[in-house]
Amino acid sequence: MDQPLIEVKSLQMYFPVGNNIFGRRKQLKAVDGVSFDLYPAETFGLVGESGCGKTTVGRALVRLYRPTGGRIIYRGTDITDLDEKAVQPYRSKMQMIFQDPYASLNPRMTVSSIIAEPMALQQVPQADIDARVRELVAQVGLKQDHLNRYPHEFSGGQRQRIGIARALAMRPEFVVCDEPISALDVSIQAQVINMLEELQAQMGMTYLFVSHDLSMVRHISHRVGVMYLGHMVELAEVEELYSNMQHPYTQALMSAVPIADPDLAAQTRRIVLQGDVPQPIDPPPGCPFASRCRYCKPVCREAMPDMREISPGHFLACHL
Amino acid sequence: MNLLEVKNLNTSFHIGVGTVQAVRGISFHVAQGESLGIVGESGSGKSVTMLSVTGLLPYNAEISSDSITFDGREISGLSKKEMRKLHGSEIGMIFQDPMTSLNPLFTVENQLTEPLKIHRHMDKASAREKALALLRQVDIPNPEARLKQYPHELSGGLRQRVMIAIAIACAPKLIIADEPTTALDVTIQAQILELLQGLKRDSRASIIMITHDMGVIASMCSRILVMYGGTICEQGDVREIFYGARHPYTWGLLNSIPKVHQKRGEKLVPIHGTPPDMLQPPAGCPFAPRCRYCMPVCRAYMPPETALSETHRVACHLMHPKAPKVTRED
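Chains as they are written, first to last, in the numbering used here: chain W, 1 to 320; chain V, 321 to 650.
Worth flagging that the hints you see were computed from the coordinates, not collected in a lab.
Among the hints, erroneous ones may be present.
Claimed, not checked - With a straight-line Cα cutoff of 25 Å, these simulated SDA-like cross-link-like pairs (lysine to any residue) come out: (1) V:K587 <-> W:M195; (2) W:K26 <-> V:E473; (3) W:K85 <-> W:R63; (4) W:K93 <-> W:E179.
Kindly produce the complete structure, drawing on both the sequences and the hints.
What follows is the structure in structure tokens.
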């Protein structure tokens with residue numbers, strides 16, 4: 001394969017929580033040692049339940065957070081600890097599409113100024129900005145006369161298009177799509193997904209597609225990583241993962257997805273997990289999934305399983 | 321026998337700039353012991369339909385109907401006080417967001433025993449006994465401790481279980497579940513669906529399940545209403561809808577979700593455009609502006625319902641004998 005665009009090496013993101021005046025403050029281990037590579041022009045799906053750290057990984061990669069440990073290497077350059085000023089050139093190469101198209105657009109700015117803002121920040125000449133805004137608006141399927149309107153005049157799907165146009169303004173190489181469709185209606189979701197795919201075909205970007213919608217992730221991704229409680233538990237090419245999943249959590253997660261086909265749904269046996277996801281605050285040692293795992297052995301509660309390659313490109317972190 | 325029968329229900333909301341016609345002349349029924357699914361996008365009127373039937377709408381809503389009968393009794397003209405006797409005893413409700421539908425100021429015990437004390441006139445001790453049994457029935461571990469807790473101390477899945485326990489406390493004849501799993505993670509959703517299916521097997525209650533998730537409908541419901549723009553565009557049993565749908569909107573809904581065995585690179589088929597503005601609903605079929613088979617008649621007249629079988633009914637001009645024959649494309 002080619003050189004990776006981004007290498008993520010045992011990324012850690014801890015947040016201090018609680019206002020413990022005496023003694024040590026507790027730590028919320030949102031991401032705890034996640035490693036993977038992203039290749040040019042691929043879509044990497046990141047799935048997991050809420051609180052598993054998938055959004056945090058996305059945000060740390062575009063350096064919205066400063067990771068507390070591990071390394072992020074972008075085209076050979078370590079950007080983990082760069083300060084605000086030094087990271088600025090990389091900002092334009094890495095963009096983000098947010099989950100909530102209502103909260104992520106400034107209600108006081110017109111569509112054209114929203115889309116122009118990243119270019120203005122990077123000191124693109126004004127004439128170029130205007131031309132580029134028009135081009136972008138056409139690319140995401142909005143009309144030129146939408147440019148002077150405000151976000152509240154648009155539906156959720158249209159707003160998400162504005163957010164996408166803004167993300168593409170600087171011709172990024174890498175876009176984090178953080179649950180870009182979960183706030184949209186089913187019929188609109190397909191419009192946005194198709195558009196993301198077309199844009200990728202035209203511009204050759206890499207997507208990190210963060211979602212809990214497993215069927216959409218299967219549809220759009222080349223490779224998929226499954227996260228649980230801050231750890232990557234399984235990672236493989238999409239067809240390999242969906243047909244030959246090995247981790248008990250992946251199996252449970254996949255079987256929990258309701259199938260929109262009554263006959264198939266009747267044939268499929270659901271693995272119902274007991275209990276809830278534990279808190280990532282001071283988690284016990286051992287496999288994070290041990291407390292809900294059907295196959296849990298004593299070793300699972302003692303030692304964290306290492307990520308190993310069980311077949312080419314298929315990584316698994318499990319003692320089984 | 322039909323437990324619930326609704327004839328020609330219209331609901332509109334008076335807001336500053338005009339009147340939103342959320343539900344426009346729909347009729348349906350729920351049979352005894354049946355599980356009915358209502359699907360549609362946001363704004364299609366699916367939740368408003370159920371809130372109209374149960375009389376839970378705000379003051380600016382205007383409801384009119386030819387009749388709403390529940391368990392053989394006309395309930396459309398009932399006063400708020402009389403409706404309250406039905407709520408919680410005959411009709412149990414489960415809402416989408418268990419954080420906002422539980423009262424944060426009261427303990428689980430307080431909220432769970434309230435319907436038992438009011439409707440079943442139980443004393444404190446027996447209501448508590450019953451509450452413990454209910455928590456066990458919805459698989460909540462350590463029920464004694466949970467009774468003393470407040471909603472914020474529970475996880476989303478546990479809260480929804482408490483909500484379900486409250487809904488089934490008085491053994492209602494009808495359970496209305498409005499997007500009961502939308503706010504939950506998939507593995508928790510699977511737990512809750514499993515629980516609801518178990519409840520359905522064990523009791524003779526009818527369930528109305530409102531959702532936008534075709535997957536949830538497929539595994540939970542025996543009959544389906546598809547709503548769009550405040551009207552029912554298609555209804556039928558689960559196989560008729562999933563394998564023999566005839567309305568272009570239903571096709572669109574089914575085509576826009578990735579199929580189980582769909583290969584990467586195969587395109588999804590979205591529905592173009594956006595749902596209609598219910599402030600000025602179109603005169604004809606509400607789906608006409610987004611429909612690729614739209615004919616001039618579709619924009620002018622609301623399509624009549626055509627019965628294709630005892631259960632399968634479609635409101636579409638394509639059903640007319642002289643209309644062009646079109647079939648679902650995959």
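Outcome of the hint check:
1. At roughly 10 Å between alpha-carbon atoms, K587 (chain V) and M195 (chain W) fall within 25 Å of each other, so this suggested pair holds.
2. Restraint check for K26 (chain W) and E473 (chain V): satisfied, since their Cα atoms lie roughly 19 Å apart, inside the 25 Å limit.
3. Distance restraint check for K85 (chain W) and R63 (chain W): the Cα-Cα separation of roughly 12 Å lies within the 25 Å cut-off, and the hinted pair is therefore satisfied.
4. A threshold of 25 Å between alpha carbons decides the hint, and for K93 (chain W) with E179 (chain W) the separation of about 20 Å falls inside it, so the pair holds.
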